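The sequence shown maps to residues 1447 to 1566 in the numbering used here.
Each hint should be verified, as a subset may be incorrect.
Said to hold, decoys possible - Label-pair restraints from in silico Cβ distances:
#	residue 1	residue 2	range
1	Ile1457	Val1517	36 to 42 Å
2	Leu1471	Leu1552	48 to 54 Å
3	Gln1549	Lys1458	26 to 32 Å
4	Glu1449	Ile1528	35 to 41 Å
5	Ala1512	Ala1542	35 to 41 Å
6	Asp1452	Leu1530	37 to 43 Å
It should be emphasised that the hints constitute simulated quantities derived from the structure, not laboratory data. Since the structure is predicted, the reported quantities are computational estimates derived from the model, not experimental observations. Quick reminder that beta carbons are idealized off the backbone N, C-alpha and C, glycines included.
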Amino acid sequence: MSELLDILLLIKPWVGGILCVIGALLALIGSIGVLRFPDFFTRLHAASITDTSAVTLGLLGMAILAPNWLVVFKLAAIWLFIFLTSPTGSHALANAAHTAGLQPVLGRDLKRPDNREEEA
1447 MSELLDILLL IKPWVGGILC VIGALLALIG SIGVLRFPDF FTRLHAASIT
1497 DTSAVTLGLL GMAILAPNWL VVFKLAAIWL FIFLTSPTGS HALANAAHTA
1547 GLQPVLGRDL KRPDNREEEA
């Protein structure tokens, strides 16, 4: 039993660190998606999906590295808040944009941002 505990204590920092790094990379990928996608709705989708996932992985890694249960409880409360508010906020933004008349970019609009026909 002591050997198993020693092994768990040895890999605990590595697992927590790897989860934090994966969360940070996911947040970076989401940021790149926000810069690269063509319109508001796809940018919002990239941001909303990746930020919730990145926060989940980052907080899980921090919870593994936490020194006591109080810290784990606080991290769980932060995760619950973000898990409930981030998708709700993204939906509210998309709904407001759609209500204001903002249309997604479709089909040929992706090729030419000024919506003019190409001259042959």
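Each hint, compared with the structure:
1. Ile1457 / Val1517: 36 to 42 Å: Given a distance of about 20 Å, which is not inside 36 to 42 Å, the answer is violated.
2. Leu1471 / Leu1552: 48 to 54 Å: With Cβ atoms ~31 Å apart, the hint is violated.
3. Gln1549 / Lys1458: 26 to 32 Å: Between Gln1549 and Lys1458, where Cβ atoms are some 50 Å apart, the hint is violated.
4. Glu1449 / Ile1528: 35 to 41 Å: Given range 35 to 41 Å: holds, Cβ gap about 38 Å.
5. Ala1512 / Ala1542: 35 to 41 Å: Because 38 Å falls inside the window, the suggested range holds.
6. Asp1452 / Leu1530: 37 to 43 Å: With Cβ atoms ~39 Å apart, the hint holds.
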